[in-house]
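K.L.:
Numbering (my numbering), first residue to last: 217 to 920.
Hint data in this document are derived by calculation from the structure and do not stem from the laboratory. Only a predicted model underlies this, so the values are computations on that prediction, with no experimental measurement involved. Just so you know, not all the hints are guaranteed correct.
Unchecked claim - Pairs of lysine-lysine, DSS-like flavour, derived with a Cα cap of 25 angstroms:
(1) K608 x K816
(2) K335 x K383
(3) K668 x K682
(4) K478 x K918
(5) K335 x K500
(6) K753 x K787
(7) K335 x K682
(8) K555 x K566
(9) K500 x K787
(10) K608 x K500
(11) K383 x K566
(12) K566 x K442
(13) K478 x K442
(14) K566 x K753
(15) K608 x K668
(16) K608 x K753
(17) K500 x K755
(18) K787 x K555
(19) K816 x K753
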Amino acid sequence: MSATQIERRGPVAVVRLVNPPVNGLGSAVRSGLEAAFNQLLPDDSVAGIVITGDGRMFSAGADIREFGRTPPPGVPNLPELIDWLEESSKPVVAAIHGVAAGGGLELALGCHYRIVAPKTRLGLPEVTLGILPGAGGTQRLPRVAGVEAALELIVSGRLVSEREALKLGIVDQVAEGDVVAAAVAKAAELAATGTPPRRSSERDEGLAAARADPGLFDRFRRSMAKRARGMNAPYACVRCIEAAVRLPFAEGRHFEHQEFRKLVGAVEAQAMRHAFFAEREVAKIPDLPDSTPTRPIAAAGVIGCGTMGGGIAMVFANAGIPVTVVESDAGALDAGLEKIRANYQATVDKGRLAQDAMDERMALIAGATGFDAVADADIVVEAVFEEMPVKKQVFGILDRTCRPGAILATNTSTLDVDEIAAATGRPESVIGTHFFSPANVMRLLEVVRGAKSSPETVATAMALSKTLGKIGVLVGVCDGFVGNRMLHQYLREAAFLVEEGALPQDVDRVIYDFGFPMGPFAMSDLAGNDIGWRIRKAKMAERPAGTGSGDERYSGTISDRLCERGRFGQKTGAGWYRYEDGRTPLPDPEVESLIVETSKALGIGQRPVSDREILERCLYPLVNEGARILDEGIALRSSDIDMVWIHGYGFPRYRGGPMFWADTVGLDAIAAAMRGFQAVHGDWMAPAPLLEKLVAEGKGFKDL
Numbered sequence: 217m218s219a220t221q222i223e224r225r226g227p228v229a230v231v232r233l234v235n236p237p238v239n240g241l242g243s244a245v246r247s248g249l250e251a252a253f254n255q256l257l258p259d260d261s262v263a264g265i266v267i268t269g270d271g272r273m274f275s276a277g278a279d280i281r282e283f284g285r286t287p288p289p290g291v292p293n294l295p296e297l298i299d300w301l302e303e304s305s306k307p308v309v310a311a312i313h314g315v316a317a318g319g320g321l322e323l324a325l326g327c328h329y330r331i332v333a334p335k336t337r338l339g340l341p342e343v344t345l346g347i348l349p350g351a352g353g354t355q356r357l358p359r360v361a362g363v364e365a366a367l368e369l370i371v372s373g374r375l376v377s378e379r380e381a382l383k384l385g386i387v388d389q390v391a392e393g394d395v396v397a398a399a400v401a402k403a404a405e406l407a408a409t410g411t412p413p414r415r416s417s418e419r420d421e422g423l424a425a426a427r428a429d430p431g432l433f434d435r436f437r438r439s440m441a442k443r444a445r446g447m448n449a450p451y452a453c454v455r456c457i458e459a460a461v462r463l464p465f466a467e468g469r470h471f472e473h474q475e476f477r478k479l480v481g482a483v484e485a486q487a488m489r490h491a492f493f494a495e496r497e498v499a500k501i502p503d504l505p506d507s508t509p510t511r512p513i514a515a516a517g518v519i520g521c522g523t524m525g526g527g528i529a530m531v532f533a534n535a536g537i538p539v540t541v542v543e544s545d546a547g548a549l550d551a552g553l554e555k556i557r558a559n560y561q562a563t564v565d566k567g568r569l570a571q572d573a574m575d576e577r578m579a580l581i582a583g584a585t586g587f588d589a590v591a592d593a594d595i596v597v598e599a600v601f602e603e604m605p606v607k608k609q610v611f612g613i614l615d616r617t618c619r620p621g622a623i624l625a626t627n628t629s630t631l632d633v634d635e636i637a638a639a640t641g642r643p644e645s646v647i648g649t650h651f652f653s654p655a656n657v658m659r660l661l662e663v664v665r666g667a668k669s670s671p672e673t674v675a676t677a678m679a680l681s682k683t684l685g686k687i688g689v690l691v692g693v694c695d696g697f698v699g700n701r702m703l704h705q706y707l708r709e710a711a712f713l714v715e716e717g718a719l720p721q722d723v724d725r726v727i728y729d730f731g732f733p734m735g736p737f738a739m740s741d742l743a744g745n746d747i748g749w750r751i752r753k754a755k756m757a758e759r760p761a762g763t764g765s766g767d768e769r770y771s772g773t774i775s776d777r778l779c780e781r782g783r784f785g786q787k788t789g790a791g792w793y794r795y796e797d798g799r800t801p802l803p804d805p806e807v808e809s810l811i812v813e814t815s816k817a818l819g820i821g822q823r824p825v826s827d828r829e830i831l832e833r834c835l836y837p838l839v840n841e842g843a844r845i846l847d848e849g850i851a852l853r854s855s856d857i858d859m860v861w862i863h864g865y866g867f868p869r870y871r872g873g874p875m876f877w878a879d880t881v882g883l884d885a886i887a888a889a890m891r892g893f894q895a896v897h898g899d900w901m902a903p904a905p906l907l908e909k910l911v912a913e914g915k916g917f918k919d920l
């Protein structure tokens, strides 16, 4: 079947893109468009042309799999096709529906007139793949919508509604009925009246304001500095739009092409393409066929209305699923529900949510103080204290209370899901759903498959993660699962580095400069240092008398002493840092003195610590633990680990996640560094067997 189809409607030819599911503009579609233009442009019986997409959308853009590859011989590139189309003396109208993104919108911008269907989204999101619109988008959009709008849309990658697109001048008309019929009528009208083609490349009105404001681009660069930190693509986009203002169209197009070529093969773009595909691959479970049945989730329950429980309740309400929250007493319940309301109200006050939408969501959340209120729920998520006896007690009650077939889920972040499941008579219906805090914001959901979790339970949890707008990653049972197990290595080495001579602000600066939103000590202060303190004390209490911590060195000594002084972090105004305004971390001489005193008491000599050592000591053990997790089958794929760390811990997306990044560094270099760390610090730093195996075979995590 051809990737394009031609249909005649009187004097107008409709060219339809046929490349499901998103009508990507791959080589077959481009060849089809070339053939259609060759046929239609010389045909005197064709007065006008309409371009549209088959199925559910116009076009989501280029075929990402072709990036960085040489196209097959004889296949035209998209910029050439769009230029050719725009030069047509016959009117060309785009009939846009569903989505016109990336190259799809660039194709539409090459048409002379654009009509859009209701409920359509349009934009140029290439920056989210580490590249820029390379088919004229940085040159045509500012001419059509104005430079300020083009800067915001292209640098953010944001898609806009059809109404906003109309307001900005990106489209010319919103169709009331059949968008193709409206486009055909417009093409026929333009042809009949002899209206000259209106070419985006020849328009100048959108550039006038920028030419009169020489400081515009510098101001915009300053405004984007924080969100574009560490990336090249956003700045390349700005340079190209600046070129649109100062250069003729053809020269600007050439500049855009040069900038695109620099980006497309760079590690940044490779990493972001990796993340794009990994987000789609993560839902594929090798031993779970697509035919595996799932249970309908029409009503949910949450046990606990604290920070996590309230956030999880919001997640269900945001997805339109009624949810009942159970608390132990009325006071705690009222406080939790009020916190939920306040969170929604803050979003409304910022203009990110309409008041009626907040009211609808609050109406979906009910509160109760008895477990009977969730007896008929399809899924119940436990979000109580991270203590095994408490969780087992809750699951015993849920087992007796909930209807047969209900899924019983635990939000534990570290505990043994199998032990929790054993407290019920239905372990096949028990699964871990580890939401990340704040649950209503963070996209990651670790779905923890227990030894007895049924395929149906697993499939339902994975499908539910998508319904809830989460990136669901299936993981196995172990202490900390994937994310927190790796996090332990990262935080442990950060703590040791401070004992050895680095300051908290040194470590945090290096990690921030690498691309994380914050370093480990600022993160601990934000989360609350008392959380880790409580977990450490519980684990020590569980060990038989006379046994050690499990490591050659205990990593929590300084943090414990901070907590003993009531320095829990932001919530107490002091932790690793002091917080005069409640939010901004400021180095504290009291902490620096405590570090020196503690290191001396431990017999550890303070020494200068380089930025390189900080980075390697924090991140190489993290990667090493990821290799152990893969070897043990706790994670299905290295790319799944990357998704956990990008969406759960803020690992910079433009580095592709820890396992992708490790391949770019070179596994041989990481293994060699780990051997060096092992010699100095102890066997817990030994290279993972899988890491050594891959090095010996000359392979990377990508080859698994």
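K.L.:
Hint by hint, say whether it matches the structure.
P.N.:
Hints, verified against the model:
1. Between the alpha carbons of K608 and K816 the distance comes to roughly 42 angstroms, so the proposed pair goes past 25 angstroms and is violated.
2. Proposed proximity of K335 and K383 is supported: the alpha carbons are some 15 angstroms apart, at most 25 angstroms.
3. Note on K668 and K682: the hinted pairing holds, with a Cα-Cα distance of about 23 angstroms set against a maximum of 25 angstroms.
4. In summary, the hint linking K478 to K918 is supported, as the alpha carbons are separated by about 24 angstroms, within the 25 angstroms threshold.
5. Of the pairs offered as hints, the one joining K335 and K500 is violated, with about 29 angstroms between alpha carbons and a cut-off of 25 angstroms exceeded.
6. Among the hinted pairs, K753 with K787 is consistent with the structure: their alpha-carbon atoms are about 21 angstroms apart, no more than 25 angstroms.
7. Our distance criterion of 25 angstroms between C-alpha atoms is met by K335 and K682, whose separation comes to about 21 angstroms.
8. A hinted pair counts as satisfied when its Cα atoms are at most 25 angstroms apart, and K555 with K566 qualifies at roughly 17 angstroms.
9. Annotation: proposed proximity of K500 to K787 is violated, straight-line Cα distance about 40 angstroms (limit 25 angstroms).
10. Taken as a hint, the K608 and K500 pair is broken in the structure, with Cα atoms around 31 angstroms apart against an allowance of 25 angstroms.
11. Between K383 and K566 the alpha-carbon distance is near 22 angstroms, which keeps this suggested pair within the 25 angstroms criterion.
12. Distance check on the hinted pair: K566 and K442 sit about 20 angstroms apart at the alpha-carbon level, within 25 angstroms; holds.
13. Only pairs whose Cα atoms come within 25 angstroms are accepted, and K478 paired with K442 is accepted, the gap being roughly 23 angstroms.
14. The suggested pairing of K566 with K753 is violated, with an alpha-carbon distance near 40 angstroms, which exceeds 25 angstroms.
15. For the hint linking K608 to K668, the alpha-carbon distance of about 16 angstroms falls within 25 angstroms, and the restraint holds.
16. Among the hinted pairs, K608 with K753 is consistent with the structure: their alpha-carbon atoms are about 20 angstroms apart, no more than 25 angstroms.
17. Our distance criterion of 25 angstroms between C-alpha atoms is broken by K500 and K755, whose separation comes to about 35 angstroms.
18. For the hint linking K787 to K555, the alpha-carbon distance of about 16 angstroms falls within 25 angstroms, and the restraint holds.
19. For a cut-off of 25 angstroms, the pair hint linking K816 to K753 stands: about 23 angstroms separates their Cα positions.
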